[in-house]
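From just these sequences and the hints, can you work out the full model?
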Amino acid sequence: ADWFVQPATETDLGAAVRYASQQGLPVFLLGRGANLVIRDGGIRGMVISLRQELLSEIEVKGTELHCGAGAGLKQIANAARDHALSGLEFLEGIPGCLGGALRMNAGAMGSWTFDVVKRVRFMTHDGSIEEKTAAEMGAVYRSCPLLKENIALGAVLEGRPAEIEDVRARMQEFRLHRTSTQPNASSAGCMFKNPESIPAGKLVDECGLKGLSVGGARVSERHGNFIINSGKATAADVEALIAQVRERVAEQRGIELQTEVQIVGE
Numbered sequence: 001a002d003w004f005v006q007p008a009t010e011t012d013l014g015a016a017v018r019y020a021s022q023q024g025l026p027v028f029l030l031g032r033g034a035n036l037v038i039r040d041g042g043i044r045g046m047v048i049s050l051r052q053e054l055l056s057e058i059e060v061k062g063t064e065l066h067c068g069a070g071a072g073l074k075q076i077a078n079a080a081r082d083h084a085l086s087g088l089e090f091l092e093g094i095p096g097c098l099g100g101a102l103r104m105n106a107g108a109m110g111s112w113t114f115d116v117v118k119r120v121r122f123m124t125h126d127g128s129i130e131e132k133t134a135a136e137m138g139a140v141y142r143s144c145p146l147l148k149e150n151i152a153l154g155a156v157l158e159g160r161p162a163e164i165e166d167v168r169a170r171m172q173e174f175r176l177h178r179t180s181t182q183p184n185a186s187s188a189g190c191m192f193k194n195p196e197s198i199p200a201g202k203l204v205d206e207c208g209l210k211g212l213s214v215g216g217a218r219v220s221e222r223h224g225n226f227i228i229n230s231g232k233a234t235a236a237d238v239e240a241l242i243a244q245v246r247e248r249v250a251e252q253r254g255i256e257l258q259t260e261v262q263i264v265g266e
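In this text, residue positions in the sequence shown follow this note's numbering: the first is 1, and each later residue adds one.
Since the hints were made in silico from the structure, they are not lab data.
All the pointers check out, no bait thrown in.
The calculated label-pair distances, taken between Cβ atoms and stated as ranges, are:
| hint | residue 1 | residue 2 | range |
| --- | --- | --- | --- |
| 1 | P199 | A240 | 17 to 25 Å |
| 2 | H125 | Q75 | 27 to 35 Å |
| 3 | I164 | K193 | 31 to 39 Å |
| 4 | E256 | E59 | 40 to 48 Å |
| 5 | I263 | T11 | 29 to 37 Å |
| 6 | S230 | S180 | 15 to 23 Å |
| 7 | Q252 | E59 | 47 to 55 Å |
| 8 | D115 | E266 | 29 to 37 Å |
| 9 | L176 | A1 | 32 to 40 Å |
| 10 | A1 | I164 | 38 to 46 Å |
| 11 | S128 | L54 | 15 to 23 Å |
Listed next, the in silico BS3-like pairs over lysine-lysine satisfying Cα-Cα at most 27 Å (straight line):
| hint | residue 1 | residue 2 |
| --- | --- | --- |
| 12 | K193 | K232 |
| 13 | K210 | K193 |
| 14 | K193 | K148 |
| 15 | K74 | K132 |
| 16 | K148 | K132 |
| 17 | K193 | K118 |
| 18 | K193 | K74 |
| 19 | K118 | K132 |
| 20 | K132 | K61 |
| 21 | K232 | K210 |
| 22 | K61 | K118 |
| 23 | K118 | K74 |
| 24 | K148 | K118 |
| 25 | K61 | K74 |
| 26 | K74 | K148 |
From the three backbone atoms N, C-alpha and C, an ideal C-beta is built for every residue, glycine too.
The following block contains the structure:
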């Protein structure tokens, strides 16, 4: 990055955003790196991280969780559990922060981030702050278009009262399912969006592409929608492997896979 900024407060963030706008600098929001591949040449412009303490707070009020964009999803799920609130268990296994989850409408175990969102606060690129209901945000499968151009500051999430042991058991069930079906090697998460007709991982498997590799990047033998890093993979390796998988799936099945992972930089 040409500029790397870690604002401590929303005021600091607003100042950084306005400066970038004045200087014509593109702005990229960096969460915890989940579902992200940064090309080997890096990112031009200003990269902003919202992981500072004041932007990562989690406060539980009744059935609502008031969370900053930098709050970790696992920490949000744990806070809900500790307050005997159900409905957010699926967040436990998503290795990212709330801001990224809102932007991508991240999901797992059949649930989506916006299923549990009531309101979202965000900053526009002139530094002003707005708040909208979940319905007004217009989230769709794996995307919230309004947050492509604006910066999520946080959200109010809502859980359902439950027995704490039931919440704990459900989180453990999800955890066991994840560890038994997904690779434990380094990866950026699911590479492709699921086509309507078949899950992407099953499609990759049926095309015989598990184990396919380029350089240090390899399609996981455990789950076909994960590309794992053997330890020496470059972003170019990952991108080339994605292209090969897409090409071969299109040839064999006539389906154009769309990437779920975000590929950025030069």
